[in-house]
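S.K.: Got chain A sorted already, so can you dock chain B onto it with the hints?
From first to last, the protein sequence lines stand for chains A and B.
Under full-length UniProt numbering, the first sequence has 141 at position 141, and the numbering climbs by one with no breaks.
Under full-length UniProt numbering, the second sequence has 86 at position 86, and the numbering climbs by one with no breaks.
Note that these hints are calculated values from the structure, not bench results.
Once the Cα atoms are required to be at most 25 Å apart in a straight line, the calculated SDA-like pairs of lysine to any residue come out as:
#1 B:K126 with A:E100
#2 B:K126 with A:S143
#3 B:K126 with A:G153
#4 B:K117 with A:R96
#5 A:K118 with B:L120
#6 B:K126 with A:D101
#7 B:K177 with A:R96
#8 B:K126 with A:Y111
#9 A:K212 with B:T162
#10 B:K117 with A:V90
#11 B:K177 with A:S94
#12 B:K64 with A:E100
#13 B:K240 with B:T132
#14 B:K117 with A:H95
#15 B:K117 with A:E91
#16 A:K118 with B:K117
#17 A:K78 with A:Q121
Just some of the chain A residues that point at chain B, by a computed CB distance under 10 Å:
#18 L97
#19 T98
#20 E106
#21 Y107
Every residue, glycine too, gets a C-beta built ideally from N, C-alpha and C.
Single-letter residue listing:
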Amino acid sequence: MARYDRAITVFSPDGHLFQVEYALEAVRKGNAAVGVRGTDNVVLGVEKKSTAKLQDSRSVRKIVNLDNHIALACAGLKADARVLINRARVECQSHRLTVEDPCTVEYITRYIAGLQQKYTQSGGVRPFGLSTLIVGFDPYTGSPSLYQTDPSGTFSAWKANATGRNSNSIREFLEKNFKETAGQETVKLAIRALLEVVESGGKNIEVAVMTKEDGLRQLEEAEIDAIVAEIEAEKAAAEAAKKAPPKDT
Amino acid sequence: MKLDTSGLESFPSLISHGNDVAGEISAPPSFELPNSNNFDGFLKEAIQMVKPAKGTTTLAFIFKEGVMVAADSRASMGGYISSQSVKKIIEINPYMLGTMAGGAADCQFWHRNLGIKCRLHELANKRRISVTGASKLLANILYSYRGMGLSVGTMIAGWDETGPGLYYVDSEGGRLKGTRFSVGSGSPYAYGVLDSGYKYDMSIEEASELARRAIYHATFRDGASGGVASVYYVGPTGWKKLSGDDVGELHYHYNPVTPSTIEQEMVEAAAT
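For reference, chain A alone in the conformation it holds in the complex:
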């Protein structure tokens, strides 16, 4: 098996592309990222490793804009992410230039996934070690979308998804608790999902909300703390209700 991971263009006898699978491992070691689609907004949340005291936290934004109406969060190798994000930003503008219209979320997702696939079928290069969550609003229909791409170059649309560290537990939580939400409810759902695997507190979570009117808005630490406090209170109330004896009819 070890013989088959030198040149990525080679299949293993049982049909695996090992470099791609190793790239997925790199993703699994990256920070957790979660995305939830609401009826009128889309929310992205990313686990933030505690920033060093001397580091300027504004330079390590994990949720970025690709265009006015499209944003991206990722898990995995951050240097690879920078390259991919730059190419995607140029493609967004190029699309605006050639057809005089903003691109759809699906278009740019297809482009990014195509780029990731290209690097699994070329000589001398390794795949990008990241999975992305791409959110945005369709400029024509106005409907919100959430897409995910991975190092193999596949992509699909999701109502809610997670990637990175412990993404399986987050996805389980989302599958159990997902319902169509709007506005602040969607933000709460995303944060609740992320809190399953992350220490609570605004210091460890970065959250951004994309709306059709205002584009991408990063939530302040204080806002996140407030919502986390709300969630904790709700949890405590639910616990208390369970423990208390059921009232008579």
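M.R.: Frame of chain A, contents of chain B only:
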């Protein structure tokens, strides 16, 4: 047998090379220099002379109900009318039309090519391309061939999600968005009728009559326009050909011959 070498003779050049000892055949090859005052510019003049002068009349305008597109059908080579039945309105796809002015081959080929690109866009993006996008694709292609002799003066008319769209695109690489355009040698005459009769709130019948009349007037005055005046309408469900009238017959439709009153009638003189 003496070989006939008259074909190898080169004409004496103005600049003598000095070695005519061996005869004309061995003289270095030279070409005829033009008898022209403007040695540097004559080439450009020659190109201008040969360049198709866009002998045609095409027009298109946006009104309340959609887009009206009309054109004549004459093809001329200098003073010779090579065809009276040319299709100058090209169907790019069921909801977009292009008009032809300039080189017929250039227009036909690049419109077909644009149709292919539009279809590929549809398949890749699961939505139709906008008129803006389609005209931009064509304009970018023509710009990349700028200076290489393409002659295309076209209007892209269509209906997309934002409503009716009309763009003028030419082989110089220009692209203009507008509501009223006329292209070709007959366009000044067509503009006269079109501009004075245009109202945004026309009905489809009024608009098609205006378009037909404008083409007719252009064919009346412009020698390079004639044949059949075709009128197409582009609406929310796509384009539809409304009419195709021979301009000769249209002339008598607009200028009917009234029988004149007989003042004096010749009668047979009574035999005396």
